[in-house]
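Participant: Here are the chains, one letter per residue:
There are 2 protein chains.
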Amino acid sequence: MAVSALSTIKFLKQPTSHAWVDRAIAHLDIILLDHSHCERKAAGVALNLMFRYPSYEKLVRQLTAIAREELEHFEQVNQKLEERNIPMGPLAAPPYGAGLNAHIRRNEPERLLDTLLVSALIEARSHERLGLLADRCPDPDLAKFYRNLMASEARHYGIYWVLATTYFDITVVNPRLEELSILESELLATLHPEPRIHS
Amino acid sequence: MAVSALSTIKFLKQPTSHAWVDRAIAHLDIILLDHSHCERKAAGVALNLMFRYPSYEKLVRQLTAIAREELEHFEQVNQKLEERNIPMGPLAAPPYGAGLNAHIRRNEPERLLDTLLVSALIEARSHERLGLLADRCPDPDLAKFYRNLMASEARHYGIYWVLATTYFDITVVNPRLEELSILESELLATLHPEPRIHS
Chain A
-13 MAVSALSTIK FLKQPTSHAW VDRAIAHLDI ILLDHSHCER KAAGVALNLM FRYPSYEKLV
47 RQLTAIAREE LEHFEQVNQK LEERNIPMGP LAAPPYGAGL NAHIRRNEPE RLLDTLLVSA
107 LIEARSHERL GLLADRCPDP DLAKFYRNLM ASEARHYGIY WVLATTYFDI TVVNPRLEEL
167 SILESELLAT LHPEPRIHS
Chain B
-13 MAVSALSTIK FLKQPTSHAW VDRAIAHLDI ILLDHSHCER KAAGVALNLM FRYPSYEKLV
47 RQLTAIAREE LEHFEQVNQK LEERNIPMGP LAAPPYGAGL NAHIRRNEPE RLLDTLLVSA
107 LIEARSHERL GLLADRCPDP DLAKFYRNLM ASEARHYGIY WVLATTYFDI TVVNPRLEEL
167 SILESELLAT LHPEPRIHS
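Protein chains in written order, with my numbering: chain A, -13 to 185; chain B, -13 to 185.
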């Protein structure tokens, strides 16, 4: 059952379920720790792309800005962990990221296109879910925090989308986004038993 | 022959040669491009450590700040490349980084200690060499740029050193630093034929 305004998140084929929101709200400490990992991973993805395509000036410039911003968010989430006495530490990842990566084709230029579109989809989903947390979180401080972050996620998926259309023709980008967005929603169709941002 | 005040860079066994400075000044465009790669790689090293030791809160906090600053410098160097119409692109790395990494022991906790000390040494060498470029560079704008960046490198090697002494006893850290600093200077004893920050 839909709980988010899909019109603003055109990339997502299926909205997040109520069951995810309920589980997340019941485990806000774990969600916050997982969120910290998500921000660090997002910075890592941007940095890896910068390493892989050092001659792509627009990509390098835009992803440097994204990586810096993800690290700033990582610091902010870690500050929330500290305020709540939640120790930092490892956390098993849900199958979502690996499931999406499995669909990234291994040869260029398809690898670049798929990586950009998968990143766009993850950012779009993050945007949707941080919005749901902002709406439903009973802790006003955390709710405000999520509200502030979700705008950045929206900008990020826009940037990944623009990069895809910079290096690839729209007639190539659109059908591949359609395929990947179906896969993205399928990966979330069965709720992962552990509370995670992308469970 | 010494060209830098070693007293301020206690980690370095041997100062940089005049030959390196002469070659760098004669190839400032390549040095600037290599510098861009160095800043991105430095951000990558910090991020990798954050990934590998997610429970080490002090390490994660300090390296997040370093990674953010390296990305800011990366942007600044890329701005200089753009102003000078130097295209961004790949550049073969000199043997310095791989040579140092070969001495990082593979088992924990030695791996962490060696990684922190190798990072400290690279930052210390960068500090020394950016200082030499600041002193000798005939372009006043670039000289000022190097002068501004060298202070950060000094802070960074201090942070890596403090992290080493946070997680390891000083009686373990000092002899290992002594060994690695000898190796670091030996790697630079023969000038690499290509002009690089760490040739």
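Just so you know, the hints here were simulated from the structure itself, not pulled from any lab data.
Mixed in with the good hints there might be a few duds.
Identical chains share a label here; the pair holds if one copy fits it or two copies do between them.
Claimed, not checked - Here are the computed lysine-lysine pairs in the DSS-like style, where the Cα-Cα straight-line distance is at most 27 Å:
#: 1; residue 1: Lys44; residue 2: Lys66
#: 2; residue 1: Lys(-1); residue 2: Lys66
#: 3; residue 1: Lys27; residue 2: Lys44
#: 4; residue 1: Lys66; residue 2: Lys130
#: 5; residue 1: Lys130; residue 2: Lys27
#: 6; residue 1: Lys27; residue 2: Lys(-1)
It should be emphasised that the depicted structure is a prediction, and the values quoted were computed from it without experimental measurement.
Participant: Evaluate each hint against the coordinates.
Facilitator: Structure-based check of all given hints:
For a Cα distance limit of 27 Å, the shortest separation of Lys44 from Lys66 across copies, 15 Å, qualifies, whereas the shortest one inside one copy, 33 Å, does not. In the homo-oligomer, the alpha carbons of Lys(-1) and Lys66 never lie at most 27 Å apart, since the shortest distance is 32 Å inside one protomer and 43 Å across protomers. Proximity of Lys27 and Lys44 under a CA criterion of 27 Å is satisfied in both settings, with 21 Å inside one chain copy and 19 Å between copies. In this assembly of identical chains, the alpha carbons of Lys66 and Lys130 lie at most 27 Å apart only when taken from the same copy (12 Å versus 39 Å across copies).
When the C-alpha separation of Lys130 and Lys27 is checked against a cutoff of 27 Å, the pair qualifies only within one copy, where the shortest distance is 23 Å, while the shortest distance between copies is 35 Å. Only within a single protomer do Lys27 and Lys(-1) lie at most 27 Å apart by alpha-carbon distance; the minimum there is 24 Å, versus 37 Å between protomers.
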